[in-house]
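Protein chains: 4
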Amino acid sequence: MNNHTTAKPSWKDKLHEVIFEADTFWGKAFDVVLLIAIILSVLAVMLESVAQIKAEYGTTLYIIEWFFTILFSLEYIARLTAISKPWKYAFSFFGIIDLLSIFPTFLSLFFAGAHSLLVIRSIRLLRVFRIFKLGRFIGEASQLTSALRASRPKIIVFIGGVFILVVVLGTMMYLVEGGENGFTSIPKSIYWAVVTLTTVGYGDIAPQTTLGQTLATLIMILGYGIIAVPTGIVSAEMSQQKSVRPVNTQACPHCGAEGHESDASYCKKCGGRL
Amino acid sequence: MNNHTTAKPSWKDKLHEVIFEADTFWGKAFDVVLLIAIILSVLAVMLESVAQIKAEYGTTLYIIEWFFTILFSLEYIARLTAISKPWKYAFSFFGIIDLLSIFPTFLSLFFAGAHSLLVIRSIRLLRVFRIFKLGRFIGEASQLTSALRASRPKIIVFIGGVFILVVVLGTMMYLVEGGENGFTSIPKSIYWAVVTLTTVGYGDIAPQTTLGQTLATLIMILGYGIIAVPTGIVSAEMSQQKSVRPVNTQACPHCGAEGHESDASYCKKCGGRL
Amino acid sequence: MNNHTTAKPSWKDKLHEVIFEADTFWGKAFDVVLLIAIILSVLAVMLESVAQIKAEYGTTLYIIEWFFTILFSLEYIARLTAISKPWKYAFSFFGIIDLLSIFPTFLSLFFAGAHSLLVIRSIRLLRVFRIFKLGRFIGEASQLTSALRASRPKIIVFIGGVFILVVVLGTMMYLVEGGENGFTSIPKSIYWAVVTLTTVGYGDIAPQTTLGQTLATLIMILGYGIIAVPTGIVSAEMSQQKSVRPVNTQACPHCGAEGHESDASYCKKCGGRL
Amino acid sequence: MNNHTTAKPSWKDKLHEVIFEADTFWGKAFDVVLLIAIILSVLAVMLESVAQIKAEYGTTLYIIEWFFTILFSLEYIARLTAISKPWKYAFSFFGIIDLLSIFPTFLSLFFAGAHSLLVIRSIRLLRVFRIFKLGRFIGEASQLTSALRASRPKIIVFIGGVFILVVVLGTMMYLVEGGENGFTSIPKSIYWAVVTLTTVGYGDIAPQTTLGQTLATLIMILGYGIIAVPTGIVSAEMSQQKSVRPVNTQACPHCGAEGHESDASYCKKCGGRL
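Residue numbers (our numbering), protein chains in the order written: chain L, 1078 to 1351; chain V, 1078 to 1351; chain Z, 1078 to 1351; chain B, 1078 to 1351.
To be clear, the hints were calculated from the coordinates, so they are not data collected in a lab. Please note that the accuracy of each hint is not assured.
You can't tell identical chains apart in this list, so a pair holds if it fits in one copy or across any two.
Capping the alpha-carbon separation at 20 Å, the derived lysine to any residue pairs in SDA-like fashion look like this [claimed, not checked]:
#, residue 1, residue 2
1, LYS1091, ILE1173
2, LYS1162, ILE1174
3, LYS1089, TRP1164
4, LYS1265, GLN1285
If we strip away everything but chain L, and leave its shape as in the complex, we get (with noise of 0.2 Å):
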C-alpha cells in the first residue's frame, strides 16, 4: 500500500495501513494507543491478583477488564477485516496471541480465575519495536533470533546432556541424603539437582550429611563448567554475526581532517565548526 498505487486508496486500504502499519502517522498512533492499553489492561489484572486493592477496587478493575477486553475485540474484528487473506492472520503468531488476548475474559463467566490468563495480552507489547526506531531495533532482534536459531542444534544437544546428568545426580542424591533431609523422592532430587545445577540454590532443600555435601560440592563445581557451555555457544555464534556501525564520515569543511566522533561538533585539528 506503500508507493505502488496511485489510484485512491478504498476504506480497506486505509484500515490496513492504519492497523498493521506503523510508517504513517494514524499508522504510529494507532499503534501507541494500543500499547498503552495493553500495558493498562495488563496492571489492572495485575492489580486485581493483590487481595488489599481487589476488596477495595475489585468492581472498578471488573469494569476496566471488560472494556479492555471489548476494544481489543473490536480490535481483533477489525484485523480480520482489514486484511485481504484473514486466515493467513488468524493462524499466525500474533493472531493467535490477539485472539488468546481476549478469550480468558469469556472463558472467566464459566470458570474463576480464568482471567488472570490475561496477562497472555503481555506478548502483545513485542509490537512495540514496530513504533521506536524501528528498522534498527526489528535489525538487532533478527541478529539476535538468528544467532539463537544458528546454536539451536547445539543446544538442544547440551539440553538433552544436562538432562541425563540431572537425573543421575538427582537420583545420587536421593540415595545419599534420603527423605529426612529433604531429598523425599528422585523427582524432587532432581529438582534440588536443577537447582545446584543452574546456580539458582533456593536452600529449600540442601545437603546435610557429610558425603552429601561432599557430593553437592562436585556437582556445583561440575555446574561451574556446565554454565559455560551455552554462554559459549551463543557467544561464538554471535561473534561470527557480522554487525554493521555507524561510521562518520564527516570531513572537517575547514582543515580537511576526518576521523571526528559522532558527538563531535567542532574539529578537534583547527577548531572549525563541522
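With chain L's structure known, arrange chains V, Z and B on it following the hints.
Structure of chains V, Z and B alone, referenced to chain L:
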C-alpha cells in the same frame, strides 16, 4: 553393510543392521521402540520413589520394573550375538552402560533400594541423537565435545586453582566466623566457599559477623571474576571451531566402533570393511 | 594550558589546572586529597547508619559530616569560578553529582534521614581513574563503555523480551502455586520469576507443589540458556573492539568537556583551544 | 645443571636437581612424595577442625601435625642450602609460601587456633603442575594468566564501577526497606547488594516491602547485564590468544591417504595398518 555387498546378508548381518544402525526402516523402528522403553522404565523408577505412589501402585511398578529388565537383558544378549567381536562391545562405553542398566534389578533381590540405580538407564537415552536428524546432531555433539576436549587442560588448571583457593578461603571464614555461626569445621566452611564462589548461594550457612560479611563480599566479587574464566575458555574454543565434520551413524560390524566420518569405507579401529 | 601559552597564566587558569586536570603536581595532589576526603565522608555516613556506632560517636560523625559538606561546597564554588562557562559544568554529569553530594546535608535539617543520600558522593570516586596510570585506564573504560553502547539496542531488545517472559511465567506460577505457598499475587510471582531467571534464588519464595517444581525446573533451564544471551552480546562486541584509542585527562578550560583524544588541540565540543 | 656440565656435579648440584627440578627420576620422585605429604598434612588440619574427630583422634593429629612441620622445616632448610642465591628463593612467591607453611605450628604454641592457618600449605600444591605432563599444563596456565593479566586494567575499571554501584544501591535499599526487614545498616545493605548483584542470593536478607521487591527486581536485571561484562572481557582476551593444536601428520603407508584422526590405528581409506 550399506552398499558394498550384493550377496544375501546373513541373519547376523541383518540383526546388526537393525540393532546397531538407524539408516534403514527397521533399524530406526528398533531405536524408537528402545527409547520409549527406556523413558518408561526410568519414569517407573522415579515414580516408585514417591511414597504415596509406591503405597498405591507398588506392585504394578514392581512388575513393570521386572518386565523392562528382562526386555533389556534380551536386548543385551542380542547385541552380544549380532556383533563379531562381542568383547569389544562389552567393554565399550555403551556396552558397560547397557550392562549397568539391567544389573540393579537383580541386585535389589539382595539389597533393598539398589534398584534406584536403574536411572542409570537414562544415560542410554544418549542414543536418541542417532534417530532425529542424525548426522547433524552428531556433528554438533562432536563439535561440542571437541571444543570441550580442546579446553580440558585449561579447565584442569583452572579447577586446580579454584580448589586451592576454596580451601584457603574456607579456612579463613572458619577462623573468622567460628562454629556458632554455622561454620562448624573446615570441610563445612570449604563447602560454604564453593556454594558462594559458584554463586549457588543456598543460604543454609551464611556469615553473621561484620568481618565475615566483609570477607564474603570480597569472595563474591572475586567469584564474579572467576566465573568468567571457564566461560571465556569455552567461548574462545567454540569461536575457533569452524568446520563441522560430518559423521555418520554406521557402527563397525566387526568391532562395534562408532563415529566414522562419512567418507570412511573401512573401520578406523579394526580395519574391517564398513 | 599545557604547552601552547608562553604568557603568564592568570590565577583563574591556574585554578582550572589544579582543579580540573591531573597532569601537574598540584593538579594531582588536589585530586588525591579530594578522593581521600570523599572516601572518609562516605565512610562516616555508612558508620552513622550502624546503631551502636551512632549511639557512641553520633556527635563526632555529625561534625565530620558538616565539615566535609562545607569543604565540598567550597570546592563546588571554586569549580564554578575556575571555568569560563560555569553553566556547562553545572549541568554536566559530574557537575550534577557534585551538587547532589552536598545537598542532602542541608536537606537533613528539614527531613531526618535524608543525609543517608550523601553516599551519592561515592559516584565522585569515578574521578579516581584520572590519577592512577591515567590514560591507560581511561582508555580501557572508554573501550568498555563503547562496547556496552554498541550492544545497547540488542540488550534493550533482550530485556524487553525477558520482561514479557517474566510477566507470563510469573502469572503461570501464581495460578499453579497460589497464595498458600507464598505466591500471594501476580506482582510477587513476577518478583519470584526474576529471582529465579537471573539465578539469584533467595529462597524466600519457593515452589512447593510437584507441578510448581516441575514448571520451576523448566524455567531454570530456560534461564540457563537466557543468561547466555547478554554475555554473548557483550563478548562478541568486545572481541570486535580492537584499537584502544588513547584519551588524555585534559578538560576544556572553556566548557569543561572531557575525554579528548591525545592528538586533539581544540575542544571538540565548543571549539576552544585546549 | 642439565646439559652444560661435563664435570662430576657437586652434592649441592645434585640436591638442587632433586629438589627444584622434575626431569630426572629422583627429582620427580621427590616432588611426588612432597605433594602427598602436603595433601596428608592439609587433610590432618581439616580433620582436626571437626569436633568429633578431634575428640577421638586429637593426640594422633597433633603428632602428625608436628611430624609434617618438622619435615617441611628440614625441606625448607634444604632448599635454602641447595640454591646458590638463597635470598632470591626466600623472597620468591613459593619461598614465602614455604615459610608460611611451617610458621603457624610454632605460632600455635602461643596462640590457640593459629595452626588452622596451616591450610596455607595447600597453595604449595600449585607445584603439582610441574609433575604431570608438565610443559603442556604450564603452557596452558601461562596462557590463562597472560589472558587475565591483559584484561586486568579493564577488570579494575569494572570492579571500581561495581563498587560504587553497590554502595549507591545498598543505601537505596537501606532507605526503602529499613531495619525491621533486615537492612539494619548501610554496610549490611551493601552486603545484600553484593549478594544480589553477583547472583549468589543467600536469602538471609531479602526485601519484604513491595517497593523494595520492585527495586530488587531492577537490581537483579541490572546484575544480569553486569555479569556479562567480566565474561565478555575474558572471552575476548582468550579469543585473541592463539592456541597450538596437535595435528596428526600420519599418511597411510599403503595408499598414502592423509588426514587421519589421532586415535586411528588403521587407514580409513584402504584398511591398511598405519
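These are the hints, each one checked on the structure:
1. In this homomeric assembly, LYS1091 and ILE1173 never come within 20 Å of each other (Cα to Cα): the closest approach is 23 Å inside a single copy and 49 Å across copies.
2. With identical chains, the CA atoms of LYS1162 and ILE1174 are at most 20 Å apart within one copy only, with a shortest distance of 18 Å there and 55 Å across copies.
3. Taking the shortest Cα distances, LYS1089 and TRP1164 sit within 20 Å of each other inside one copy (16 Å), while across copies they are farther apart (54 Å).
4. In this assembly of identical chains, the alpha carbons of LYS1265 and GLN1285 lie at most 20 Å apart whether taken from the same copy (16 Å) or from different copies (10 Å).
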